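Below are the chains, spelled out letter by letter.
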Amino acid sequence: MGMDKSKLIKLGIFIAAGLAVLIFGLFYIGSKENLFTKTFDVYSVFSSVSGLAEGNNVQFAGINVGTVKSISILSTDKIKVTMSIQEKVREFIKKDSEASINSEGLVGNKVLTIYGGTPGSTPVDAGDSIHSIKPAELGDIIANLDKSSKEAQKIAEQITEITQKVNNGEGTLGKLVNNSDLYDHLDSLTANVANSTKSIDKILAQTSTTINSVTNDIQSLTVSIKLITDNIGEITTKINSSQSLVGTLLTDTVFANDIKGVLRNTNQTTANLEMGSFSFYQNMEALKHNFLFKGYFEDLGYWDKTEFTNVMEKRESRILNKENELDQKEVELREMQKKLELMRNELQKKLDSLNLKAE
Amino acid sequence: MGDLKNEDEILRISKLKKAFGSNTVLSDVDLNVKKGETVVILGRSGTGKSVILKCIIGLIFPDSGSIEIFGEDFLNIKQDEKSKLRIRIGFLFQAGALYDSMTVRQNLEFPIIRQPDYKKSDLSGKVEEMLENVGLAEAIDKMPSELSGGMQKRIGLARTLMLEPEIILYDEPTTGLDPVTSNEISHLILDMQKKLNVTSLIVTHDMQCAKLVSNRIVVLKEGKFTAEGTFEELEKSEDEFVNGFFKFE
Amino acid sequence: MSSTEKVNKKESKSTLKFKLPASLEEFFAKIAGLASFAFKFFIELLKPPYEINETLKQFFMIGYKSFPLVAITGFIIGLTLTLQSIPTLDKFGAASLVPSMVALAVILEIGPVITALIFAGKIGSGIGAELGSMKVTEQIDAMEVSGTNPFKYLVVTRIFAATIMLPLLVILSDAIALFGGFLAINMFDYTSLKTFLVSAMANITFSDIIPAVTKTFLFGLSIGVVGCYEGYNASRGTESVGIAANTAVVISSLMVILIDMVMVQLSSIIF
Numbered sequence: 002m003g004m005d006k007s008k009l010i011k012l013g014i015f016i017a018a019g020l021a022v023l024i025f026g027l028f029y030i031g032s033k034e035n036l037f038t039k040t041f042d043v044y045s046v047f048s049s050v051s052g053l054a055e056g057n058n059v060q061f062a063g064i065n066v067g068t069v070k071s072i073s074i075l076s077t078d079k080i081k082v083t084m085s086i087q088e089k090v091r092e093f094i095k096k097d098s099e100a101s102i103n104s105e106g107l108v109g110n111k112v113l114t115i116y117g118g119t120p121g122s123t124p125v126d127a128g129d130s131i132h133s134i135k136p137a138e139l140g141d142i143i144a145n146l147d148k149s150s151k152e153a154q155k156i157a158e159q160i161t162e163i164t165q166k167v168n169n170g171e172g173t174l175g176k177l178v179n180n181s182d183l184y185d186h187l188d189s190l191t192a193n194v195a196n197s198t199k200s201i202d203k204i205l206a207q208t209s210t211t212i213n214s215v216t217n218d219i220q221s222l223t224v225s226i227k228l229i230t231d232n233i234g235e236i237t238t239k240i241n242s243s244q245s246l247v248g249t250l251l252t253d254t255v256f257a258n259d260i261k262g263v264l265r266n267t268n269q270t271t272a273n274l275e276m277g278s279f280s281f282y283q284n285m286e287a288l289k290h291n292f293l294f295k296g297y298f299e300d301l302g303y304w305d306k307t308e309f310t311n312v313m314e315k316r317e318s319r320i321l322n323k324e325n326e327l328d329q330k331e332v333e334l335r336e337m338q339k340k341l342e343l344m345r346n347e348l349q350k351k352l353d354s355l356n357l358k359a360e
Numbered sequence: 038m039g040d041l042k043n044e045d046e047i048l049r050i051s052k053l054k055k056a057f058g059s060n061t062v063l064s065d066v067d068l069n070v071k072k073g074e075t076v077v078i079l080g081r082s083g084t085g086k087s088v089i090l091k092c093i094i095g096l097i098f099p100d101s102g103s104i105e106i107f108g109e110d111f112l113n114i115k116q117d118e119k120s121k122l123r124i125r126i127g128f129l130f131q132a133g134a135l136y137d138s139m140t141v142r143q144n145l146e147f148p149i150i151r152q153p154d155y156k157k158s159d160l161s162g163k164v165e166e167m168l169e170n171v172g173l174a175e176a177i178d179k180m181p182s183e184l185s186g187g188m189q190k191r192i193g194l195a196r197t198l199m200l201e202p203e204i205i206l207y208d209e210p211t212t213g214l215d216p217v218t219s220n221e222i223s224h225l226i227l228d229m230q231k232k233l234n235v236t237s238l239i240v241t242h243d244m245q246c247a248k249l250v251s252n253r254i255v256v257l258k259e260g261k262f263t264a265e266g267t268f269e270e271l272e273k274s275e276d277e278f279v280n281g282f283f284k285f286e
Numbered sequence: 452m453s454s455t456e457k458v459n460k461k462e463s464k465s466t467l468k469f470k471l472p473a474s475l476e477e478f479f480a481k482i483a484g485l486a487s488f489a490f491k492f493f494i495e496l497l498k499p500p501y502e503i504n505e506t507l508k509q510f511f512m513i514g515y516k517s518f519p520l521v522a523i524t525g526f527i528i529g530l531t532l533t534l535q536s537i538p539t540l541d542k543f544g545a546a547s548l549v550p551s552m553v554a555l556a557v558i559l560e561i562g563p564v565i566t567a568l569i570f571a572g573k574i575g576s577g578i579g580a581e582l583g584s585m586k587v588t589e590q591i592d593a594m595e596v597s598g599t600n601p602f603k604y605l606v607v608t609r610i611f612a613a614t615i616m617l618p619l620l621v622i623l624s625d626a627i628a629l630f631g632g633f634l635a636i637n638m639f640d641y642t643s644l645k646t647f648l649v650s651a652m653a654n655i656t657f658s659d660i661i662p663a664v665t666k667t668f669l670f671g672l673s674i675g676v677v678g679c680y681e682g683y684n685a686s687r688g689t690e691s692v693g694i695a696a697n698t699a700v701v702i703s704s705l706m707v708i709l710i711d712m713v714m715v716q717l718s719s720i721i722f
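Chains as they are written, first to last, in my numbering: chain A, 2 to 360; chain Z, 38 to 286; chain Y, 452 to 722.
Mixed in with the good hints, there may be bad ones.
[Claimed, not checked] With a cut-off of at most 27 Å between alpha-carbon atoms, the simulated DSSO-like pairs for lysine-lysine come out as follows:
no.: 1; chain 1: A; residue 1: K8; chain 2: Y; residue 2: K516
no.: 2; chain 1: Y; residue 1: K508; chain 2: Y; residue 2: K603
no.: 3; chain 1: Z; residue 1: K163; chain 2: Z; residue 2: K121
no.: 4; chain 1: A; residue 1: K8; chain 2: Z; residue 2: K179
no.: 5; chain 1: Z; residue 1: K179; chain 2: A; residue 2: K11
no.: 6; chain 1: Z; residue 1: K54; chain 2: Z; residue 2: K121
no.: 7; chain 1: Z; residue 1: K179; chain 2: Z; residue 2: K157
no.: 8; chain 1: A; residue 1: K6; chain 2: Z; residue 2: K163
no.: 9; chain 1: A; residue 1: K6; chain 2: Y; residue 2: K603
no.: 10; chain 1: A; residue 1: K70; chain 2: A; residue 2: K95
no.: 11; chain 1: Z; residue 1: K119; chain 2: Y; residue 2: K603
no.: 12; chain 1: Z; residue 1: K156; chain 2: A; residue 2: K6
no.: 13; chain 1: Z; residue 1: K52; chain 2: Z; residue 2: K115
no.: 14; chain 1: Y; residue 1: K645; chain 2: A; residue 2: K111
no.: 15; chain 1: Y; residue 1: K498; chain 2: Z; residue 2: K157
no.: 16; chain 1: Z; residue 1: K115; chain 2: Z; residue 2: K72
no.: 17; chain 1: Y; residue 1: K603; chain 2: A; residue 2: K8
no.: 18; chain 1: Y; residue 1: K573; chain 2: A; residue 2: K6
no.: 19; chain 1: Y; residue 1: K508; chain 2: Z; residue 2: K156
no.: 20; chain 1: Y; residue 1: K603; chain 2: Z; residue 2: K156
no.: 21; chain 1: Z; residue 1: K179; chain 2: Y; residue 2: K603
no.: 22; chain 1: Z; residue 1: K179; chain 2: Y; residue 2: K508
no.: 23; chain 1: A; residue 1: K8; chain 2: Z; residue 2: K157
no.: 24; chain 1: Y; residue 1: K603; chain 2: Z; residue 2: K115
no.: 25; chain 1: Z; residue 1: K121; chain 2: Y; residue 2: K603
no.: 26; chain 1: Y; residue 1: K508; chain 2: A; residue 2: K8
no.: 27; chain 1: Z; residue 1: K157; chain 2: Y; residue 2: K508
no.: 28; chain 1: Z; residue 1: K258; chain 2: Z; residue 2: K248
no.: 29; chain 1: A; residue 1: K6; chain 2: Z; residue 2: K157
no.: 30; chain 1: Y; residue 1: K498; chain 2: Z; residue 2: K156
no.: 31; chain 1: Z; residue 1: K156; chain 2: Z; residue 2: K121
no.: 32; chain 1: A; residue 1: K89; chain 2: Y; residue 2: K645
no.: 33; chain 1: Y; residue 1: K542; chain 2: A; residue 2: K111
no.: 34; chain 1: Y; residue 1: K516; chain 2: A; residue 2: K6
no.: 35; chain 1: Y; residue 1: K491; chain 2: Z; residue 2: K121
no.: 36; chain 1: Z; residue 1: K163; chain 2: Y; residue 2: K603
no.: 37; chain 1: A; residue 1: K11; chain 2: Y; residue 2: K573
If you are wondering where the hints come from, they were derived from the structure by calculation, not from laboratory data. Small disclaimer: the values here were computed from a predicted structure and weren't measured.
Input sequences plus hints: build the corresponding full structure.
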């Protein structure tokens, strides 16, 4: 009937232990779901959320700082993602921070990542909007390459323009070309430039179709531009030997500005290529880390050679080939980038020497 | 039974009927018990003697008839009224029905501390006193499983007496005990009657016991009381059925 | 036993207008019996006086005394579940998901159900046999005639204790199972307890915990109700004690599985 004290104590310990585990669990999960910590809401608008769901984590510098609170469709390509973020990290998230949707872990749990923003700028307030970054996709990379080729086209056009101007005897350089003993050399230069323009045009026709042709064409573009620069080098030599015309030539602002424009465009192209190759690299990494492919790679030759396995292996080798191809592309792009960089430097050097002469 | 209709009657049973399925156990039972009287019910096994007792205490609900205890219509009163009446009725079960998860002391305390108007002072010394009454004072802290059948019955009686009932129903108090112990129990019943002046209704086959304790004996046959009288009267009965109980005297 | 054995047999003949097979009739009669028993439990639970001492005692007997059995079961389940998951998930390069998977499986399903089944085996049969033998030896009748309410004293306390103690046991068993999982992972690799817990709880939310805990109350309630019902309604005779215990285990185990099914469906609708 009655309970003696030792039994009561045992029962008490038992109940307390159970409740302790329960309370610990509730608070642990609660803190994970930010139920017991102060939070604030910000939102970001995406064109696609790529499978992000309510309750997914929000990361800042790789730390979980909150969860996705709600996802609502504003219009066809505007998806509003509201996230609730711990108050204590608010000071680190700036008004110009950016948000993107990435994959987390091996099985591709989606996670919303917030990137830092400029140090020193104002922190976000509750209810603010954070600018979104579109996640890198293959389509974007191709678009980037397209942009690169367009920039290359611009360079070519500008070079053509300069050449035309020179041909037409516009500006001092034109006069120079038409009147002086440098004429012949300049003539051959223009011919070369015209040639390269043609070949560049040809390249550009093919660029947008495949990445491959882009690579090759830009390579030949490189050669052409090299020629141009060589020719410009020659011009410089000529200028050096012909004192009387130099001043006139170098005060010609049209020519100098045009060359500066070329230089700027080359810079832009280099940047675009860099972006393209980086995106490629990202995709490759993603592919390598995709857990399905990873499984194939690791279990190569591990399973029985059943029909299924053979099919899978064939697929796998195709994937491997693709990967190699893409790797090669990446290397090529990097080479191109390097070459363009060299060219840029050379052009810069030439320009500098021209400027020097002008002084 | 006309001569029994006086103010002292504390139990009146009339036209009691009970059937289990197609088996009619009680067909027409009438019984009146006066205050201070000890009535023994005789009858063959399985003829429903215990059923009468259980109808009186309310463990079994009869099909028809009426039971009046202390002037109250027992079959048609509310549950809490019934509980109050029950406290005034003691019931000694065949095997004692001790709560085997409790000590003897806890067994005896159990009914008392659950009464609505229970006060701690009600209990002081009472357990010891009741155990003294049944001669088992030393068993106070034992578990029921440590006690013999006779001892269990005595503790059961002590527990029944704790509530100071005015009427005690004994369901075969001596069955399954050796003659010496049976005799002890019979004497104990007699002692209690003398000491506490309780009314008793006893179901038994034990003629020794019946002879010792009874003021009056009724004989149950085919669901009715067919004979009635003192032990001495019935002993001389011509009826073959009644005689059967006294044959081996 | 003399007359009592015969007279206490339940009436088996029904007075239904339509005919049903005997087993079906019994089945429906049992459902009605259990339902009214459970209903009576709730009514008596709320009515004073309260049997606090006896309830504490039943907490001790039903909760504390079941703990070792439940703890061992939980530990082994956590350990083996983890040991078996590691090679399988490793094949998919997802070995890091083992703690999370084990935690989900243990907290949502295996912990509550296995603990409840063990509990049904131990407590369901215990209550069934205890009350059954009390019924057979007329102890329940004895309480009744002494003006105490045996339902309140015997049944309400036990059902209440089972309802409250099972969730507690499940929580502890879950914790021990996770600890078993932690040890299993450390057989392959070194992980700190904190890392393990963080990754185990990574995918657990309140909408997982709440239905998982709620259903354990229902498991406990049904085990208590069935055990008490079977014991309390045992017919006379020693063999009926065994029958009561056996039936209590069978029915309460079945109830656990059925409630689990219904609750999973229900919680998927609500959450």
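Hints, one by one, checked against the model:
1. This hinted pair checks out: A:K8 and Y:K516 have alpha carbons roughly 10 Å apart, not beyond 27 Å.
2. Annotation: proposed proximity of Y:K508 to Y:K603 holds, straight-line Cα distance about 14 Å (limit 27 Å).
3. Annotation: proposed proximity of Z:K163 to Z:K121 holds, straight-line Cα distance about 21 Å (limit 27 Å).
4. A C-alpha spacing of about 20 Å is found between A:K8 and Z:K179, which places the hinted pair at or below 27 Å, so the restraint holds.
5. Restraint check: the Cα-Cα separation between Z:K179 and A:K11 comes to about 25 Å, which is no more than 27 Å; the hinted pair holds.
6. Straight-line distance between C-alpha atoms of Z:K54 and Z:K121 comes to about 25 Å, which keeps the hinted pair within the 27 Å bound.
7. For the hint linking Z:K179 to Z:K157, the alpha-carbon distance of about 22 Å falls within 27 Å, and the restraint holds.
8. Distance hint between A:K6 and Z:K163 is fulfilled; the C-alpha atoms sit about 26 Å from each other, no more than 27 Å.
9. Between A:K6 and Y:K603 the alpha-carbon distance is near 24 Å, which keeps this suggested pair within the 27 Å criterion.
10. Taken as a hint, the A:K70 and A:K95 pair is honoured in the structure, with Cα atoms around 20 Å apart against an allowance of 27 Å.
11. Proximity of Z:K119 to Y:K603 is assessed by CA-CA distance (about 17 Å); at most 27 Å being required, the pair is judged to hold.
12. A C-alpha spacing of about 24 Å is found between Z:K156 and A:K6, which places the hinted pair at or below 27 Å, so the restraint holds.
13. At roughly 22 Å between alpha-carbon atoms, Z:K52 and Z:K115 fall within 27 Å of each other, so this suggested pair holds.
14. The hinted pair formed by Y:K645 and A:K111 meets the criterion: a straight-line CA distance of about 24 Å does not exceed 27 Å.
15. The hinted pair formed by Y:K498 and Z:K157 meets the criterion: a straight-line CA distance of about 23 Å does not exceed 27 Å.
16. At roughly 25 Å between alpha-carbon atoms, Z:K115 and Z:K72 fall within 27 Å of each other, so this suggested pair holds.
17. Between the alpha carbons of Y:K603 and A:K8 the distance comes to roughly 23 Å, so the proposed pair stays at or under 27 Å and holds.
18. Taking the CA atoms of Y:K573 and A:K6, the gap is near 25 Å; set against the 27 Å cutoff, the hint holds.
19. Distance hint between Y:K508 and Z:K156 is fulfilled; the C-alpha atoms sit about 23 Å from each other, no more than 27 Å.
20. Pair hint Y:K603 plus Z:K156 holds up; C-alpha atoms about 21 Å apart against a cutoff of 27 Å.
21. Note on Z:K179 and Y:K603: the hinted pairing holds, with a Cα-Cα distance of about 26 Å set against a maximum of 27 Å.
22. At roughly 19 Å between alpha-carbon atoms, Z:K179 and Y:K508 fall within 27 Å of each other, so this suggested pair holds.
23. Distance restraint check for A:K8 and Z:K157: the Cα-Cα separation of roughly 24 Å lies within the 27 Å cut-off, and the hinted pair is therefore satisfied.
24. For the hint linking Y:K603 to Z:K115, the alpha-carbon distance of about 18 Å falls within 27 Å, and the restraint holds.
25. The straight-line distance between the Cα atoms of Z:K121 and Y:K603 is roughly 17 Å, inside the 27 Å bound, and the hint therefore holds.
26. Between the alpha carbons of Y:K508 and A:K8 the distance comes to roughly 8 Å, so the proposed pair stays at or under 27 Å and holds.
27. Between Z:K157 and Y:K508 the CA atoms are separated by roughly 21 Å; this keeps the pair inside 27 Å, and the hint holds.
28. Under the criterion of a C-alpha separation no larger than 27 Å, the hint pairing Z:K258 with Z:K248 is consistent with the structure, at around 20 Å.
29. With a C-alpha separation of about 21 Å, the suggested pairing of A:K6 with Z:K157 holds against the 27 Å cut-off.
30. Note on Y:K498 and Z:K156: the hinted pairing holds, with a Cα-Cα distance of about 21 Å set against a maximum of 27 Å.
31. Taking the CA atoms of Z:K156 and Z:K121, the gap is near 16 Å; set against the 27 Å cutoff, the hint holds.
32. The suggested pairing of A:K89 with Y:K645 holds, with an alpha-carbon distance near 23 Å, which does not exceed 27 Å.
33. Only pairs whose Cα atoms come within 27 Å are accepted, and Y:K542 paired with A:K111 is accepted, the gap being roughly 22 Å.
34. Distance hint between Y:K516 and A:K6 is fulfilled; the C-alpha atoms sit about 16 Å from each other, no more than 27 Å.
35. Taking the CA atoms of Y:K491 and Z:K121, the gap is near 21 Å; set against the 27 Å cutoff, the hint holds.
36. Taken as a hint, the Z:K163 and Y:K603 pair is honoured in the structure, with Cα atoms around 26 Å apart against an allowance of 27 Å.
37. Straight-line distance between C-alpha atoms of A:K11 and Y:K573 comes to about 20 Å, which keeps the hinted pair within the 27 Å bound.
Violated hints: none; the structure is consistent with every hint.
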